[in-house]
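Generate the whole structure from the sequences, applying the supplied hints.
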Amino acid sequence: MNILLTGAAGFTGRFFKEAALAAGHHIAVLQANLTDKNAVMQEVAALQPDAVVHLAAISFVGHADEAAFYAVNTVGTCHLLQALAALQVRPAKVLLASSANIYGNCESSPITETQAPAPVNHYAMSKLAMEHMARTYMDRLPIVITRPFNYTGPGQAPNFVIPKLVSHYARRAPVVELGNVQVEREFNDVRMVCDAYLALLAHGQPGEVYNVCSGQPYTLQQVMDTLAELAGHAVEAQVNPAFVRANEVHSLCGNPARLQQLCAAANITLKQPSLREMLQWMLDQAHADRN
Numbered sequence: 235m236n237i238l239l240t241g242a243a244g245f246t247g248r249f250f251k252e253a254a255l256a257a258g259h260h261i262a263v264l265q266a267n268l269t270d271k272n273a274v275m276q277e278v279a280a281l282q283p284d285a286v287v288h289l290a291a292i293s294f295v296g297h298a299d300e301a302a303f304y305a306v307n308t309v310g311t312c313h314l315l316q317a318l319a320a321l322q323v324r325p326a327k328v329l330l331a332s333s334a335n336i337y338g339n340c341e342s343s344p345i346t347e348t349q350a351p352a353p354v355n356h357y358a359m360s361k362l363a364m365e366h367m368a369r370t371y372m373d374r375l376p377i378v379i380t381r382p383f384n385y386t387g388p389g390q391a392p393n394f395v396i397p398k399l400v401s402h403y404a405r406r407a408p409v410v411e412l413g414n415v416q417v418e419r420e421f422n423d424v425r426m427v428c429d430a431y432l433a434l435l436a437h438g439q440p441g442e443v444y445n446v447c448s449g450q451p452y453t454l455q456q457v458m459d460t461l462a463e464l465a466g467h468a469v470e471a472q473v474n475p476a477f478v479r480a481n482e483v484h485s486l487c488g489n490p491a492r493l494q495q496l497c498a499a500a501n502i503t504l505k506q507p508s509l510r511e512m513l514q515w516m517l518d519q520a521h522a523d524r525n
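Quick note: the numbering used here has the sequence shown finishing at residue 525, numbered continuously throughout.
These aren't lab readings, by the way, just hints derived from the structure by calculation.
All figures in this text were calculated on a predicted structure; none of them were measured in a lab.
Treat the hints loosely; a few may be bogus.
[To be verified] Pairs of lysine to aspartate or glutamate residues, derived as DMTMM-like cross-links and limited to a Cα-Cα distance of at most 25 Å, are as follows:
no., residue 1, residue 2
1, Lys271, Asp299
2, Lys398, Glu511
3, Lys398, Glu300
4, Lys398, Asp523
5, Lys271, Asp284
6, Lys271, Glu300
7, Lys398, Asp459
8, Lys505, Asp518
9, Lys505, Glu463
Put into structure tokens, the structure is as follows:
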């Protein structure tokens, strides 16, 4: 397929592009700024994509400009969908990356796609608003919405917690400053997420929402213990109040059953490296970058 990809220069975009090319697809990268409606309309019309994977977003929850979440994540997505709906030959599938952050703090875990959203920060709210807005286009476009749970890998920005920890262990730092160390998250591998996106692009049911997750959560202490073992070095964790978020989601773990059923029906096996394998990959890359 000729896949139009937004956010190609971002963390996930780089890995998705590599995975899609390896699978035999052609990638056309959207260059227009999503906040520029006319530029998006013109470029999409020129590209005439077979399918779309929309990854471009402001994704760091602690981003300083709250209005930018909505300008890019919500209104920017609207501009993209308007441009796609205007095509004479519309794409066969449009995959929109939302976020598991829309669930907020849930008493039930693992979380299914039917859980009522309860976002607690502007990032999550902008993604939920994007989902609701996208539903107004589902009569014209075959939209699939994904809700990825936390994932990571080499090249993710150092303001995310796992790359920050890996960097400290790789350079054998004595201390790392963290926010809330009691949070529990899935820490999945970006390669699994990209494989899931390819599977959903081919087999996802238009109008459906899919958790992209493993259902396996870890505490930050478990991550640090694994890194200490792999690196042969202990790092002391100190809580910095500046990094503690007022509206922190304490536990976030998803139910992958809907995605697993789709993959089983299509005879697809998603590769899910273990936490240890993923952290070793990240440590190896961190050491290579330093040398």
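Can you name, in rising order, the numbers of the hints this structure does not satisfy?
-> Structure breaks no hint.
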